[in-house]
Each structure stands twice: as C-alpha cells, then as structure tokens.
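Asker: Read off the chains here:
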Amino acid sequence: MHIQNFKTLNGEAVDTISCENGIITNIGQKSDNDAQIFDAKGLLLAPGIIDLGVFSTDKPAFRFGGITRAALMPDQNPCHDDPATIRYAALKGKPDFWVHPLAAATKNLEGTHLAEIALMKEAGAMGVATGHDNIIASETMLRVMEYCAALNLPLFVHSEDIGLTRDSVATSGETATMLGLSNAPALSEVMSISSDMYLAEEADVHIHYRQVTTKRGLDLIRDAKSRGLKVTCGITPAHLFLSDTAMTGFRTFTRLSPPLRSEDDRLACIEAIRDGTIDVIASGHDPRAPEEKRLPFSEATPGMAGAETLLSLSLNLVRDGVISIDRLFDLLSRNPAKILGINAGDINVGLEADIILIDSDAPWQVDGNAMQGKAGNTPFDRLPVQGRVRHMMKGGKIIY
Amino acid sequence: MTNDISTNDSRFPSGASAFPHTHLLGIAGLQSWEILYILDQAEKWVKLNKSKASKRDESLAGLTIINAFFENSTRTLLSFEIAGKRLGADVVNMHAAQSSIKKGETLIDTAVTLNAMHADAIVIRHGSSGAVQLISDKVDCPVLNAGDGTNEHPTQALLDALTIMRRKGNVEGQIVTICGDILHSRVARSNIYCLKLLGAEVRVVGPPSLVPKTLEAFGVKRYTNFEQAIEGCDVIMMLRLQNERMQGDFIPSGREYNFLYGLNEQRLSLAKDDVLIMHPGPMNRGVEIESSVADDAKLSAITEQVEMGVAVRMACLDILTRKARNTEGWT
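Protein chains in written order, with numbering that gives the first Met the number 0: chain A, 0 to 399; chain B, 0 to 330.
One or more hints might be untrue.
A short list of chain A residues far from chain B (calculated; beta carbon distances all over 12 angstroms) [stated by the list, open to error]:
#1 G21
#2 L118
#3 M190
Derived, one-sided and incomplete: chain B residues facing chain A with beta-carbon distance under 10 angstroms [said to hold, decoys possible]:
#4 Q132
#5 F217
#6 S290
#7 A293
What follows is a list of derived Cβ distance ranges for each label pair [to be verified]:
#8 A:Y197 to B:Q265: 35 to 45 angstroms
#9 B:T112 to A:Y197: 53 to 63 angstroms
#10 B:S290 to A:L382: 52 to 62 angstroms
#11 A:K229 to B:P281: 51 to 61 angstroms
#12 A:V321 to B:E303: 56 to 66 angstroms
#13 B:D56 to A:D132: 48 to 58 angstroms
#14 B:E243 to A:D366: 58 to 68 angstroms
#15 B:T223 to A:V321: 39 to 49 angstroms
By construction, these hints were calculated from the structure, which means they are not laboratory data.
Heads up, the beta-carbon is just placed ideally off N, CA and C, and yes, glycines get one too.
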C-alpha cells in the first residue's frame, strides 16, 4: 500500500510512504508496483502512539486516541505474575492492537517473593513493574533489579514513599487542608526516587520512573541522566495540566496515584518536558466504573480514563510552544518503543507500519458521559481540546 | 416576597439575599452577612428555649426531618433532634453506623432511599470528608452538614460565633485562640472560616504534628507554644483530643499533652482577664482542660455553647425549609 498526500512531523516533503507485509518498505517516491493508494487528504502522518503503562486493555479508547500499542501494567485481577497470564495478555489485543504486558516484579505484587521474571519474559513480557505500590524491602528491590538487569528488561517503578504516604489521598497543601483530606508531603516522591536510584545504580538496571510529578523528583532524574545512569521517566497529562486545586469540590475523578501536586510542581513538569528530562507521556489509562468513583473522595479508587485524551492534551504542549510536534512524538512513540525494545514507534524503513493520520487542529470537547472506552472518569470532563485521529493503521492494515 | 433583607442594618449589603443557599454544607462558601443573618434568626429561638412554659413552635409542623448519622454522635444528634421537635417537625433518627451501610449499600443508594421517603430536610454526619456534599447532589430537599470527616461542622462554628457574640457583643476584633488537634478537626476548620469572615483574629496552637503549616494560607497565626498563643487573647477554644491519637502516632501521651497544652489557671492568667473559655465537648478533663477552668462560672461558656447549639440549629432548619414552606423571609 502507498500512502500519499500527507504532512510529515518534521515538515519535510515526502511524496509516498509504502508498506508491505506490515512493514514500512519505502519512504520517498512511489515505486512502480500497482499496490493500493491511500489518499491521506493532507492530514498529519505520525507513528502510532505507544502508551507506556496502562491498567486496562480498552481497545475502543485506544483506537479513539490513536494508540496502536500499550504496555499493560501487571495490576490486574488476577495479577500478571505468571507466564500464563502474560501470554494471554500479549495475545489479547491482536491483530489490530498490540499489548506489551509488563511482568509483576513480585508474586501478587506483594513485594515479598520474586515472581518468575525469566519465564514471563519468555511468555512475552517486555518489562517488569512493581505496580501501583512499591517494594518496601530494599533487599527484595535489589534482587528484582539484579534479575531485570541480567535479563535485560527495564524495571517500571511507582514513586511514593509508603512510610510517608500511608493512607493519604492528596498532596499536602492548601487545598488538602481546606477539604480536610488526609495528605502527605510531595517529598514522598523524591524519597522513593532516590532510594530506588541508588539500588538501580548498584544493580546496573534500566529503571523507568513511570510518573515523576514534582520539581525535586525531576531534579534528581536530571542529575542521574547527567551522570549517565540508565534512567528514564514519564508523566501523564493530568500532572502536566492540573494541580491540586482541581480536587476542590471533592471531585473524585481527580483522585490519582500519585495525587495531583502543587502549581509550582506542575510548572516544573512542563519545564522538564521542554528540557528533555521527561522521556515519555503516557495516559495511565485506568477506567473506573461509577461505583468506584461515586463515593466520598477518600473512599474512591484512584485512577483516570486517559487514552482518549492523551494526544489532544499533549498537543497543547506544541500549541503553547513548549516542544515541536516532531519532538512530541519522541515522547509518545519513539521513546516508549526504545524503552520496550520493540521494532516500532517511528516512520522508518524496516519498522512495523503502525501509522496514525491526525487532524491536529480539529476541535472537540471532552465528555465523560460519552467516552469511547469502558468508563468516563476523566478529570478533564467538559474541557474543549483540539486534535483528532482520523485514520489508524496497524501493521500496514487500515483499522479505520 | 423577595430575597432581599429589608433592613437598614449596615452589616447587610443592600439588595443581597439573606440566605440564597439550598443546603448548609459548610462555612466555606458563605458570606459574612449570611452568617450574621442566621445568628440574628437564632436569637428568637434562644428566647423560646429559655421559656419555662411551652417550648414549642409550630412553624415546621408536618415536615419530616431525617437525622442520618453515619458516625456515632450523642450531643449533636440530640441537639438536632430537639431543634427539629421544638419547631414542630417530625424527627426521625437513622443510626446508619449500625444499619444497611454495614450490609454494603453505597452511600448514593442510601441517599436515594432517604430521598424517596420525601424528607423535608436531612441532617447528615459522616466519617468521610465530602460525603455530605455527595449526598446533597442526589436529594431534592435541604441537607445540613452535621460534620463530615475532617472537613466541616458548620453548625458548631455558628453556635460558637453566637456564643461569642452574646458574651462579647461582637466577633469582630476579638482575638480567638484555637488549641488542640487542628489537623483532624472539622470544628476547627469551620470555626477558622467563620471567625475570619466575621473579622476576628484567629490563632491556632497545638503539637506540630497536629497543626499543619498550610493553615497559614487561611490567614491564621500558627503557634506551637501554648503560652505565646494564649497571651492577650479574648477567647480560648479548646478542642477535644481523640483518645486514639494519644498513643504515640501523633503525640507521645496524654500526660505529655497536658504538660504542654493543658489549659490550667496559671496559663489562663496570660489571657485577658475576661477571657471566654470554650470547648465543643465532650471534654477530657485533666488532659486538655483542668476541671477548675472548665467549671469556672464566670469565664467558661461551655454549657452556653450547648444551649446556643439548639437555637442555631433551629434557625438553620427554619431558614432552609422556608422555600418549601413558601414562607416569607427569602422566597
């Protein structure tokens, strides 16, 4: 198939992109074969988004959001801590959507006994994750890391110091005090990051901090990168565009893990996108049914539906002049592919033809009651946004 | 009939609504004149409550008030029950702490059930911050917050303001020191908002683990030294220290707390001579307050607070049901 009449991310004029057997085979002039021609009608052509860290295989939501692959967190029921569940998860989305399951680091994610990481790698796991919680015992954490290093798997960690956060539901600050919500200082993040960092350096493992949301946490990542450590980190649009004041009125859709931070921290996150400290923007897609959210704030389950809005919200960074659109797809596609070590995530000859065509200015309004996915628990309900995916190709096949 | 306050009283801006809210969920969100309006209205119920003869008014006759208490309470529940009955309403108490909640019913379902019984007002206490607001979104009648988690307890703040006003003539300009577990206190939050709105100077004091620094954003002065906080103040509001917080998690022990923050006569002498002593109850005598201070007939307003509680709650029930009763005053 030949795709023609599109705009490229870096603005270079390209006449045709051809794919064959699911692989991009030619970029440039149309070759002579008489394969089908797809007219992109001037839309922007980009690699399919690789969503690094979701909690649900929610295909309609991923389609809407232009996501062609996702790394699935092991926090499932049952927990993805054995080869069978990993194999099932890896096959679940195919052929039109690829799930890259992350293996639970410990049995049932309880943080005590090592899970069968090597067998799970064999079954298709592309990385290892500690899940929503972290591993409290440093001894266990170090062993997990040594295993991951030996198997050449990245380790995804969640950064909250449980000793400090305990049962808190918000970041300490004016809003939490006013609402009377149990809270923990944002400091909990930097403490967790730093202790994991020392262990990761010792084990020489690639550590990926799934969500870094505070200034001090990002300073630590910046410093580690300058020292040449194998460190990457990510963030979700919620922490880029909302601060803790969004919890006002006890809006349970803003109950997240980690919780929303102060405005100063939010601005530091934007800065870290600009200077390249943050490698990945992911949706953290975690659809929750009303019975888990229509509760008093502290009883509601944390998490947000984010797949549908990931691209549109991220495009704000381009519109605000923080980064270029080409750079945005480093964060949405290229870097996630590198971290997982998969043959996708870019528009290059020889890569999987996962392609999306975007109308980057198309206006629409986020509506929690009319989401494509399993649930509408978006903290961005009613927000007018811009940017819609018009066509998606997975492995060279047109999905829509 | 209009919403307007037809008075030349300078405390009320002309044309402002007396109390334009459907519910009483908290002090945050109210205007100072709305608070003053409730306090003014409460005065007439103070008179009725003091009468030796019949204490019954029939203005809410035929209305049903449900007291839905999802958390144990004695005095607030009793106060609301008496307030409703003195106004002639049929008052039903629901002790949800031992009911269907235990059977797994969600809060929303409980709210919908209460609503289907056509209550004319629902008074709610719940252990989670924001729970009362959540219920208020699902019912058609006025909802009164009788305390939600560590968020707000508005009628307590109103009765405290009424007590101060009656004893001191005004709330404006008074120096009020709130002492104790501010972190977990809905009473403290509501009182801070209320007293600041009415123009008082508010100081908070307590163990550093129980007095969050973020409180300073609300315009209060934060102390950890009791003597400094109490110096020259007009009103001391002691808070109850929960027994479960005295076992080393937040403070080492009750006796150490008493050593640092117990209100005794010696400390009391640092305050103004006519200082007013308040406590929302129930008191831990010998922990946060000495008996000699609590029982001081001249300075202690602790029993008066209870008395004002009934009057303030009558005023709130009256004001919030006026719309449904189509009664003059604000509709």
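Asker: Determine for every hint whether it applies to the structure shown.
Answerer: Going through the hints against the structure:
Residue-level check passed: G21 of chain A sits 47 angstroms from the nearest beta carbon of chain B, beyond 12 angstroms. No Cβ of chain B approaches the Cβ of L118 of chain A within 12 angstroms, the least distance being about 39 angstroms, so the stated non-interface status holds. Its beta-carbon lying about 18 angstroms from the closest one in chain B, M190 of chain A satisfies the requirement of being farther than 12 angstroms from that chain. At about 6 angstroms, the closest approach between the beta carbon of Q132 of chain B and any beta carbon in chain A falls short of 10 angstroms, and the interface hint on this residue holds.
A least Cβ separation of about 7 angstroms between F217 of chain B and chain A falls short of the 10 angstroms threshold, and the interface hint therefore holds. Because the beta carbon of S290 of chain B sits about 31 angstroms from the nearest beta carbon in chain A, more than 10 angstroms, this interface hint is broken. The beta carbon of A293 of chain B is not positioned within 10 angstroms of any beta carbon in chain A (closest approach about 27 angstroms), and the interface hint is therefore violated. Look at Y197 of chain A against Q265 of chain B: about 52 angstroms separates their beta carbons, and that is not inside 35 to 45 angstroms.
Judged by the Cβ atoms, the range 53 to 63 angstroms given for T112 of chain B and Y197 of chain A holds: they are separated by roughly 54 angstroms. For the hinted restraint 52 to 62 angstroms between S290 of chain B and L382 of chain A, the CB-CB distance of approximately 58 angstroms keeps it satisfied. For K229 of chain A and P281 of chain B, the hinted distance range of 51 to 61 angstroms is satisfied, since their beta carbons lie about 59 angstroms from each other. At roughly 60 angstroms, the beta-carbon separation of V321 of chain A and E303 of chain B lies within the given 56 to 66 angstroms, and the hint holds.
The beta-carbon spacing between D56 of chain B and D132 of chain A, approximately 57 angstroms, falls within the hinted interval of 48 to 58 angstroms. At about 44 angstroms, the CB distance of E243 of chain B to D366 of chain A disagrees with the hint of 58 to 68 angstroms. Judged by the Cβ atoms, the range 39 to 49 angstroms given for T223 of chain B and V321 of chain A holds: they are separated by roughly 42 angstroms.
In this structure, the earlier hints numbered 6, 7, 8, 14 are contradicted, and the remaining ones agree with it.
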